[in-house]
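Work out the full structure, taking the sequences as your base and the hints as a guide.
For the sequence shown, the residue numbers in the UniProt record's numbering are 1 to 521.
By construction, these hints were calculated from the structure, which means they are not laboratory data. Possibly wrong hints are sitting among the right ones.
[To be verified] So the derived label-pair ranges between C-beta atoms look like this:
(1) ARG352 / ILE230: 26 to 34 Å
(2) SER306 / THR122: 32 to 40 Å
(3) ASN256 / GLN205: 35 to 43 Å
(4) ILE356 / TYR470: 25 to 33 Å
(5) ASN256 / ILE230: 21 to 29 Å
(6) ARG352 / MET397: 24 to 32 Å
(7) ASP247 / ARG352: 30 to 38 Å
(8) LYS175 / TYR6: 23 to 31 Å
(9) VAL280 / THR335: 40 to 48 Å
(10) ILE131 / SER92: 25 to 33 Å
(11) ILE230 / PHE27: 26 to 34 Å
(12) LYS181 / PHE17: 23 to 31 Å
(13) ALA251 / GLN205: 35 to 43 Å
(14) TYR470 / THR335: 21 to 29 Å
Everything numeric in this text was worked out from a predicted model, so none of it was measured. Backbone N, C-alpha and C define an ideal beta-carbon position, used for all residues, glycine too.
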Amino acid sequence: MKIFNYRLVIFLLCMIFGVVFSIPSLFQTDTGKKVALGLDLQGGLHMLLGVNTHEAVSSKIKTIATTVKYFSDDEELLIDGLLINEDNVTFSVLDADEIPKMDSLLNGIKGLAIIKNGLEYTIKLTPEDIIKTKDLAVAQAVETIRNRLDQFGLSEPNVVRQGESDIIVELPGIKTAEDEKAAKELISKPANLELMAVDEERIDQVNNMTSSQASSYGDIILEDTKNPNIKYLVKEIPILNGSQVIDAQVAFDQSNQAIINFTLNSTGARIFGEFTTKNVGKRLAVVLDGKVYSAPNIRERIGGGSGQISGGFTVSEAGNVAIALRSGALPATVTLLEKRSVGPSLGADSIRDSSIALISGFLLVFGFMIIYYKGAGIVANIALIANVFMLIAIMAMFGATLTLPGMAGILLTVGMAVDANIIITERIREVLREGASIPKAIEDGYENAIRAIVDSNVTTLLVAVILYVYGTGPIKGFAVTISIGIITSMITGILGTHGIYQALLARGVKTKDTYKWFGAK
Numbered sequence: 001m002k003i004f005n006y007r008l009v010i011f012l013l014c015m016i017f018g019v020v021f022s023i024p025s026l027f028q029t030d031t032g033k034k035v036a037l038g039l040d041l042q043g044g045l046h047m048l049l050g051v052n053t054h055e056a057v058s059s060k061i062k063t064i065a066t067t068v069k070y071f072s073d074d075e076e077l078l079i080d081g082l083l084i085n086e087d088n089v090t091f092s093v094l095d096a097d098e099i100p101k102m103d104s105l106l107n108g109i110k111g112l113a114i115i116k117n118g119l120e121y122t123i124k125l126t127p128e129d130i131i132k133t134k135d136l137a138v139a140q141a142v143e144t145i146r147n148r149l150d151q152f153g154l155s156e157p158n159v160v161r162q163g164e165s166d167i168i169v170e171l172p173g174i175k176t177a178e179d180e181k182a183a184k185e186l187i188s189k190p191a192n193l194e195l196m197a198v199d200e201e202r203i204d205q206v207n208n209m210t211s212s213q214a215s216s217y218g219d220i221i222l223e224d225t226k227n228p229n230i231k232y233l234v235k236e237i238p239i240l241n242g243s244q245v246i247d248a249q250v251a252f253d254q255s256n257q258a259i260i261n262f263t264l265n266s267t268g269a270r271i272f273g274e275f276t277t278k279n280v281g282k283r284l285a286v287v288l289d290g291k292v293y294s295a296p297n298i299r300e301r302i303g304g305g306s307g308q309i310s311g312g313f314t315v316s317e318a319g320n321v322a323i324a325l326r327s328g329a330l331p332a333t334v335t336l337l338e339k340r341s342v343g344p345s346l347g348a349d350s351i352r353d354s355s356i357a358l359i360s361g362f363l364l365v366f367g368f369m370i371i372y373y374k375g376a377g378i379v380a381n382i383a384l385i386a387n388v389f390m391l392i393a394i395m396a397m398f399g400a401t402l403t404l405p406g407m408a409g410i411l412l413t414v415g416m417a418v419d420a421n422i423i424i425t426e427r428i429r430e431v432l433r434e435g436a437s438i439p440k441a442i443e444d445g446y447e448n449a450i451r452a453i454v455d456s457n458v459t460t461l462l463v464a465v466i467l468y469v470y471g472t473g474p475i476k477g478f479a480v481t482i483s484i485g486i487i488t489s490m491i492t493g494i495l496g497t498h499g500i501y502q503a504l505l506a507r508g509v510k511t512k513d514t515y516k517w518f519g520a521k
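What follows is the structure in structure tokens.
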């Protein structure tokens, strides 16, 4: 009775999968998923960015002040002297009976250190919350930059955190100065949108007012984006900010100038509607990254939660601002600390040298296995070819990026896969020397070798996981390649070769000449 050779079936299915899904990567076809080449292989831009985490703390202080203001307005709670200082917010409650309401609000906000002196309040962040705020700012900056680059259309950008406040950005495929400039502007643009009330009472005094004088009224002085000589006096605490923006799209006004239409979430729409209802006839400044783009008069209540930014944008500038608004504002200023360009010719040299190393390694391994292990070497080489096809196919399916360390990982995977076959073949040869038949030697060889192979591969896989978790960029690429290679080598080296031997035996291949089969006398 014939026994179903499930090992061979699994191996053949895996090999077909590997060949089909690796073809787009190997031959760079126009269709199908391909393995993306990393910065070191195709050239591109490497940047080290620094996040101003102290600015993130100041921004949170400002947010607390905004919360206090709008809670007070909603509850009709009278407060006075609401000021934002360097590291705290100060204000006074005018009615002692309203203190319990204010205490209830502030106690509901985690991470605050509240100092009360009669009716006066001073609010700071606790040391623990300052640390959390800085850490979150870097994490948010990483996510925001990654989202912006994805929407910009760049292929496989690599954005990872390094240390406490630095970010590494790698952009493979950036080859022109124009692309490099556009990418840097998109990454570093704060995209901090704020809608701020113009101080109508003191606007005429703005040209003779200092920043400290403006601050004493709870105001700040901002410049017009088109003409720096035009200044605006606006309330320091914004009515709304970019965190309430859920969409932003480029459009054109009646004079065919590029503008940006933005949409607010439900909370932002409600606040915007209430403010415009109470302030008809007054001006509202649309501020982007500290510059006033427009300050129109509020003619009527604005419902629906939508608005417009106009300011003489080019179409390209408007597109980048819209992308930045959709992706979210950076939580703090990002500064370029280091920039390094890798030319496409250097990447081509790396590909050529790496390919030569891979092919040379393959040929040496192939030759050694055939010369030393004869027929078993041919079986091992078939499994090795299938292993590489599967490795490339899986990397392509998951959108992995191949770097120079990744290519080194492929070569190391070849060595590990061959090592598994050597262990199995040597165990088979040991059993053959004891006088067993080839069918029995094959079964005993696999049974005796499989535990050692699995143990060594699991150990290596654990190391690869650690490298991936704690490594950056190229180290992660190496870890991913090794991890996938371990899995594929176990499938091809254990299941695949065993299935091939079983198929050969089932077809009545002569098994008396152990030398031709395994190089064993």
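- request: Output the numbers, in ascending order, of every earlier hint that fails for this structure.
  value: Going through the list in order, the structure violates hints 1, 7, 8, 11, 12 and respects the others.
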